[in-house]
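Visitor: Here is how the chains run, residue by residue.
There are 2 protein chains.
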Amino acid sequence: MKHVWKGLGRALYFVSALILIMSTLSLKTSPVLAETAQKNGQGPEVTYFKLENGLDVVVIPDHRAPVVTHMVWYRVGAADEAPGVSGIAHFLEHLMFKGTEKIAPGQFSKIIARHGGEDNAFTSQDVTAYFQRVAKENLPMVMEMEADRMSNLKLLEKDVLTERDVILEERRSRIENSPNSLLSEQISAALYLSHPYGIPVIGWMHEMAKLSRKDALNHYKKYYAPNNAILIVAGDVTPDEVKKLADKFYGPVKRGPDLEERERPMEPNPVAPRKVVLEDARAGKLSWQRHYLAPSYKTAPKGDSEALELLMKVAVEGTTSRFYKKLVVADKLASSAGGGYSPSGMDYGSLYVYAVPAKGVTVEQIEKAVDELFDDIRTNGISELELNRARNAYIADYIYGNDSQSGLARRYGFSLSTGWTIKDIESYPDRLKEVGVDDLKRVAEKYLDLKASVTGILKPKPKLVAETKK
Amino acid sequence: MKHVWKGLGRALYFVSALILIMSTLSLKTSPVLAETAQKNGQGPEVTYFKLENGLDVVVIPDHRAPVVTHMVWYRVGAADEAPGVSGIAHFLEHLMFKGTEKIAPGQFSKIIARHGGEDNAFTSQDVTAYFQRVAKENLPMVMEMEADRMSNLKLLEKDVLTERDVILEERRSRIENSPNSLLSEQISAALYLSHPYGIPVIGWMHEMAKLSRKDALNHYKKYYAPNNAILIVAGDVTPDEVKKLADKFYGPVKRGPDLEERERPMEPNPVAPRKVVLEDARAGKLSWQRHYLAPSYKTAPKGDSEALELLMKVAVEGTTSRFYKKLVVADKLASSAGGGYSPSGMDYGSLYVYAVPAKGVTVEQIEKAVDELFDDIRTNGISELELNRARNAYIADYIYGNDSQSGLARRYGFSLSTGWTIKDIESYPDRLKEVGVDDLKRVAEKYLDLKASVTGILKPKPKLVAETKK
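Chains P and W, in that order, give the protein sequences.
Taking our numbering, the leading residue of the first sequence gets 1, the next gets one more, and so forth.
Taking our numbering, the leading residue of the second sequence gets 1, the next gets one more, and so forth.
To be clear, the hints were calculated from the coordinates, so they are not data collected in a lab.
Any given hint could turn out to be false.
Identical chains blur together in the list; that is why a pair holds if it fits in one copy or across any two.
To be verified - Simulated pairs of lysine to aspartate or glutamate, EDC-like, Cα-Cα distance not exceeding 16 angstroms:
| no. | residue 1 | residue 2 |
| --- | --- | --- |
| 1 | Lys-221 | Asp-397 |
| 2 | Lys-359 | Asp-438 |
| 3 | Lys-451 | Asp-280 |
| 4 | Lys-451 | Glu-434 |
| 5 | Lys-451 | Glu-279 |
| 6 | Lys-433 | Asp-397 |
| 7 | Lys-214 | Asp-159 |
| 8 | Lys-451 | Glu-176 |
| 9 | Lys-222 | Glu-241 |
| 10 | Lys-243 | Asp-165 |
| 11 | Lys-50 | Asp-159 |
| 12 | Lys-210 | Glu-263 |
| 13 | Lys-210 | Glu-267 |
These numbers come from a predicted model, not from an experiment.
Please model the complete structure; the sequences and the hints are all you need to start from.
Guide: This is the structure in structure tokens:
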């Protein structure tokens with residue numbers, strides 16, 4: 001029942017057995033919806049306050065049903081790990097279910113489930129988050145439990161060793177047995193020469209195998225504390241109710257160490273295109289993808305992130321994109337094709353394009369088609385009509401996404417944990433409206449740069465010796 | 001007057017103006033010579049002792065002339081740098097010439113020169129070393145000066161800023177203006193997904209630009225101390241003389257912090273070949289190279305490192321190699337071709353092959369020739385005759401290299417600083433004798449693995465707009 005959430009540009013690893021909520025949500029990540037909705041009078045009136053111990057609290061009322069989504073986001077992810085202990089953030093996420101003085105090992109999720117709720121947790125490069133969706137009356141209970149494990153985690157050596165086997169098996173089944181995942185790891189490693197986004201969230205196998213109780217406790221003591229966390233409560237609650245409960249349950253949790261601002265080693269200037277070719281007998285079909293080093297919303301010069309969103313929507317995202325209409329529909333060069341941009345991520349976003357060549361079509365033909373597509377945009381730009389269509393589609397997505405309580409909670413949680421302010425979130429759609437066709441042309445020039453790219457090719461390998469060339 | 005020493009598999013950056021000794025030395029790195037020589041009665045009787053403050057001292061007598069080579073090796077290199085401060089090891093090496101209470105800024109080398117001596121310093125991924133070659137009677141003086149700056153370095157903010165401009169300019173002239181160097185950096189970055197050998201010794205420009213006095217002092221205080229250093233004195237001295245002088249000058253230097261054993265993040269299992277293509281108008285000719293992830297002597301299973309030395313000697317190293325004779329002489333596919341293996345390096349060695357295609361020859365033709373060459377060795381192995389010839393040539397190199405006083409000093413210094421024992425150094429030639437033709441075949445299978453490789457291509461780019469394709 002493990003699940004990878006690919007929606008944030010980088011993999012998020014879920015731990016618990018209850019992932020239904022997450023997997024049925026729209027995974028589009030733009031942290032925007034709330035505000036559009038708000039302006040239309042459809043959206044939540046978001047409230048923010050801070051407890052004395054430093055815990056940030058965000059309340060997103062949604063009174064359509066008597067349920068609440070309760071999330072705690074820690075401002076720490078895999079990209080904050082010390083060198084050599086890759087996977088420790090994700091490992092600790094698993095270990096957070098090992099119990100405290102009050103809650104026996106493995107009981108956390110069972111208690112939630114017994115009350116008809118669902119819970120889960122995930123780790124990304126930038127954040128680690130825990131959440132529960134429960135009936136309104138159970139909010140005090142989940143707050144008490146979540147606040148409890150914020151500082152009272154009990155880690156027994158034997159539980160750590162057992163759980164380490166679990167994450168190793170998770171890596172085996174999810175990565176080692178999946179040529180696509182293996183290739184993704186290699187592409188990230190080749191894309192990021194210096195930044196830790198090049199290291200997989202789940203960790204490198206040889207380092208995971210050595211993770212210890214001490215490593216987990218070091219990480220826990222340093223990063224798990226109210227002053228490094230954000231509490232999001234969305235649902236059938238008022239800010240006053242949440243304030244009282246938060247004071248009661250989270251208020252007594254002691255501050256942790258004052259942490260320096262998160263600064264990861266950033267990328268050097270890109271100078272040469274890279275290519276990674278994975279040949280694997282388990283690969284079903286030949287596939288092609290290209291990833292570009294791209295800024296996140298947080299690191300992009302003003303306007304670039306918004307323009308990239310719309311550029312990729314016009315150019316490659318979905319079946320209405322130029323790319324799909326040309327490669328799949330008109331020229332029949334590919335059986336599927338797409339791409340996109342995500343502004344999520346503290347330090348870099350995600351900018352990519354992919355295609356599965358049709359039978360008999362070579363990788364070179366696909367590359368030529370992609371080059372032509374982007375060359376055309378760089379040279380001739382795109383039309384107002386295309387831009388408006390993309391923008392409208394985007395806004396429609398916002399409004400649709402706004403219906404999801406936990407989607408909103410996740411958007412606020414993720415954005416705030418990675419350095420956006422509430423104002424950033426609220427002003428995003430307006431900034432999107434300021435993007436013009438010239439901006440799209442400009443960012444196409446600037447970011448769709450082969451020098452900043454890694455091309456990944458997955459090649460099926462003949463399974464029989466007799467099939468091989470040698 | 002800057003100089004890059006490529007002999008250790010990874011670039012070493014020299015700082016001072018006096019590099020004549022180094023640049024005229026054989027740069028072959030196998031840390032072996034002393035012993036062979038010793039067995040023939042030609043070599044030095046190497047003596048080792050340790051001072052009370054932890055300083056290791058090695059004395060290599062050489063009474064042919066009244067000169068001495070004095071080196072201090074710190075067991076710290078670029079691969080030990082904290083994330084985000086790439087280049088700090090090399091920067092500090094520069095700053096070590098900024099003076100102490102006794103020696104005014106910039107005077108260190110001048111004093112040595114005034115006494116007819118030469119001095120220099122360099123930084124590699126694994127070590128930072130300082131050395132002087134002086135007339136025998138000046139040994140006490142250089143010892144006093146070197147011991148002085150081991151703990152009394154004076155760093156003024158203005159000197160740090162001035163010197164930072166120097167290293168930035170060094171990077172500009174040596175790397176940014178050299179397509180070959182740029183490509184080398186990209187290849188290393190693509191070869192090492194996790195290990196810091198993927199980060200250039202000189203540092204990434206954007207990180208170098210932020211290096212501070214504080215960064216330098218942190219590095220200095222942590223790593224520069226007698227218990228993290230090795231003193232090598234080679235030349236017209238006896239162990240007793242050196243002991244007395246070392247006690248007098250280095251004895252009073254206080255121990256530094258106890259350091260943990262150096263452990264860097266090691267590489268995950270390689271799964272896919274990578275390719276980096278650098279197109280550059282400044283590139284003179286098309287060139288091709290391939291690097292493989294390879295163990296160092298220190299990390300290789302017993303015998304593998306020795307077998308790789310001889311394998312590469314037979315296969316690709318120099319004009320008597322199979323590769324050269326086939327590609328350059330017989331088939332005229334390349335105007336130059338070569339390769340090699342170096343067992344140096346704490347964590348990984350260096351294993352590579354390169355060729356400059358002849359006019360009209362494509363990269364694909366070169367790759368095919370390389371694949372065939374290695375396939376042949378993997379399938380058919382090599383002959384006893386070839387192995388013996390390679391081994392004899394190797395041993396001849398030892399004996400020749402043994403004539404160089406500073407070569408020997410460097411060999412002992414580098415090897416001991418990267419975890420070899422004196423016994424490792426002394427027994428190396430004997431272990432080489434144990435390598436058989438089957439070992440060469442075996443290591444060819446094991447290490448010449450495309451999955452563990454990065455291919456780098458440097459492509460000249462047309463300089464005139466009219467020459468370009470678009």
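Visitor: For every hint, state whether the structure bears it out.
Guide: Consistency of the hints with the structure:
1. Lys-221 x Asp-397: neither (40 angstroms within a copy, 56 angstroms between copies)
2. Lys-359 x Asp-438: neither (37 angstroms within a copy, 44 angstroms between copies)
3. Lys-451 x Asp-280: Between. Shortest inter-copy distance 11 angstroms satisfies the 16 angstroms Cα cut-off; intra-copy 27 angstroms does not.
4. Lys-451 x Glu-434: Answer is neither; intra-copy 29 angstroms and inter-copy 47 angstroms both fail.
5. Lys-451 x Glu-279: This pair counts as between: shortest inter-copy Cα distance 9 angstroms, intra-copy 24 angstroms.
6. Lys-433 x Asp-397: within (15 angstroms within a copy, 71 angstroms between copies)
7. Lys-214 x Asp-159: For Lys-214 and Asp-159, the Cα distance is within 16 angstroms only inside one copy (13 angstroms; across copies 42 angstroms).
8. Lys-451 x Glu-176: between (29 angstroms within a copy, 15 angstroms between copies)
9. Lys-222 x Glu-241: This pair counts as neither: shortest intra-copy Cα distance 30 angstroms, inter-copy 52 angstroms.
10. Lys-243 x Asp-165: Close neither inside one copy (40 angstroms) nor across copies (53 angstroms); limit 16 angstroms.
11. Lys-50 x Asp-159: neither (35 angstroms within a copy, 45 angstroms between copies)
12. Lys-210 x Glu-263: Between copies, since 13 angstroms is at most 16 angstroms while 26 angstroms is not.
13. Lys-210 x Glu-267: Between copies only: 14 angstroms across chains, 28 angstroms inside a chain, cut-off 16 angstroms.
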